[in-house]
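Visitor: Sequence:
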Amino acid sequence: MDILAHGLWGGAAFYPKGGKRFAAGFVLGMAPDLLSFGVYHVTRPNWLWSRLAGEISGPPPLSTLPEFLFHAYNLTHSLVVWAALFILIGMVRKHPPWVFSAWALHILCDIPTHNSRYFPTPYLWPLPTPFVEGISWATPWFMAINYTALLMVYVWVFSYARRIGLERRSRL
Numbered sequence: 029m030d031i032l033a034h035g036l037w038g039g040a041a042f043y044p045k046g047g048k049r050f051a052a053g054f055v056l057g058m059a060p061d062l063l064s065f066g067v068y069h070v071t072r073p074n075w076l077w078s079r080l081a082g083e084i085s086g087p088p089p090l091s092t093l094p095e096f097l098f099h100a101y102n103l104t105h106s107l108v109v110w111a112a113l114f115i116l117i118g119m120v121r122k123h124p125p126w127v128f129s130a131w132a133l134h135i136l137c138d139i140p141t142h143n144s145r146y147f148p149t150p151y152l153w154p155l156p157t158p159f160v161e162g163i164s165w166a167t168p169w170f171m172a173i174n175y176t177a178l179l180m181v182y183v184w185v186f187s188y189a190r191r192i193g194l195e196r197r198s199r200l
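Residues 29 to 200 (our numbering) make up the sequence shown, in order.
The set of hints was computed from the structure by calculation and includes no laboratory data.
Ideal Cβ placement from N, Cα and C applies to all residues, glycine included.
Take these hints with a grain of salt, some might be off.
[Unchecked claim] Across the chosen pairs, the derived CB separations fall in these ranges: (1) I84 x W184: 33 to 39 Å; (2) M119 x I84: 43 to 49 Å; (3) A166 x A81: 17 to 23 Å; (4) P124 x Y188: 20 to 26 Å; (5) A111 x G46: 21 to 27 Å; (6) F159 x R191: 38 to 44 Å; (7) Y188 x R145: 37 to 43 Å; (8) R145 x P73: 36 to 42 Å; (9) R121 x P89: 40 to 46 Å; (10) T167 x K48: 31 to 37 Å; (11) F98 x A166: 19 to 25 Å; (12) L63 x A166: 18 to 24 Å.
[As the list claims (entries may be wrong)] Mimicking SDA-like on lysine to any residue, the simulated pairs with C-alpha atoms at most 20 Å apart in a straight line are: (13) K48 x W126; (14) K48 x P125; (15) K48 x H123; (16) K45 x A189; (17) K48 x V185; (18) K45 x R190; (19) K48 x V181; (20) K45 x I192; (21) K48 x P168; (22) K45 x H123; (23) K45 x Y188; (24) K122 x A111; (25) K48 x V127; (26) K45 x L133; (27) K48 x G193; (28) K45 x V127; (29) K48 x A33; (30) K48 x R190; (31) K48 x F186; (32) K45 x V183; (33) K48 x F128; (34) K45 x P125; (35) K45 x G118; (36) K45 x L179.
When you get a sec, could you build the whole thing from the sequences and use the hints?
Guide: And the structure:
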């Protein structure tokens with residue numbers, strides 16, 4: 029799934045809990061990609077600008093990507109690593125960090141929206157992971173369905189928040 033959609037799904041899950049929770053859910057929903065691909069793009073701004081300008085299309089070939097990206101991707105896209113961090117943070121803070129679930133939602137959404145040829149989701153890493161031959165998140169019909177579903181969820185979330193008396197000034 030694309031990074032914006034990940035953030036929007038994470039934010040939607042926590043919007044009724046307040047603006048700070050929405051923002052945390054939004055950022056944590058994007059965190060697995062920000063901490064892997066985001067680092068790559070920051071260290072290679074020319075590639076990103078060329079991509080945004082339409083000079084480059086498609087993802088970069090795997091052979092051109094630095095080794096750290098694969099390690100970061102494994103760490104940030106593992107439910108095993110996420111669960112360990114969830115438990116550790118919960119023990120330190122003395123209560124479960126529920127907003128951290130937006131990160132797990134990212135991983136769960138990636139499993140069926142990645143194929144085994146380009147960054148399959150290593151959701152059980154460091155354990156052996158049976159990869160799912162999913163559809164590409166960039167498939168136009170999937171993106172249309174995904175953003176339509178997001179629109180419907182946000183209409184419901186906003187009306188639910190209003191019904192329970194929460195006032196929001198969040199701007200998407």
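Visitor: Given the hint that K48 pairs with F128, does the C-alpha gap stay at or below 20 Å?
Guide: Status holds; Cα separation ~13 Å.
Visitor: When you check the alpha-carbon spacing of K48 and H123, does it fall within 20 Å?
Guide: Distance of about 18 Å is within 20 Å: holds.
Visitor: Below or equal to 20 Å on CA atoms is what counts here, so check K45 against G118.
Guide: At roughly 18 Å apart (the allowed maximum being 20 Å), G118 and K45 satisfy the hint.
Visitor: Regarding Y188 and R145, is the given constraint of 37 to 43 Å on their beta-carbon distance met?
Guide: Given a distance of about 39 Å, which is inside 37 to 43 Å, the answer is holds.
Visitor: Quickly compare the C-alpha distance for K48 and V181 to 20 Å and report which way the hint goes.
Guide: 19 Å, holds
Visitor: Tell me if the beta carbons of M119 and I84 are separated by a distance inside 43 to 49 Å.
Guide: Taking Cβ atoms as reference, M119 and I84 lie about 45 Å apart, which means the hint holds.
Visitor: For a C-alpha distance cap of 20 Å, please report whether K45 and Y188 respect it.
Guide: 11 Å, holds
Visitor: For a C-alpha distance cap of 20 Å, please report whether K48 and V127 respect it.
Guide: 10 Å, holds
Visitor: Please verify whether K48 and F186 have alpha carbons no more than 20 Å apart.
Guide: 15 Å, holds
Visitor: Please check whether P124 and Y188 have a Cβ separation lying inside 20 to 26 Å.
Guide: Check passed, 22 Å falls within 20 to 26 Å.
Visitor: Taking the Cβ atom of F159 and the Cβ atom of R191, is their distance within the range 38 to 44 Å?
Guide: 42 Å, holds
Visitor: Holds or violated: are the alpha carbons of K48 and V185 at most 20 Å from each other?
Guide: Measuring from Cα to Cα gives roughly 15 Å; hence the hint holds.
Of the numbered hints given earlier, the model fails hints 8, 21; all others are met.
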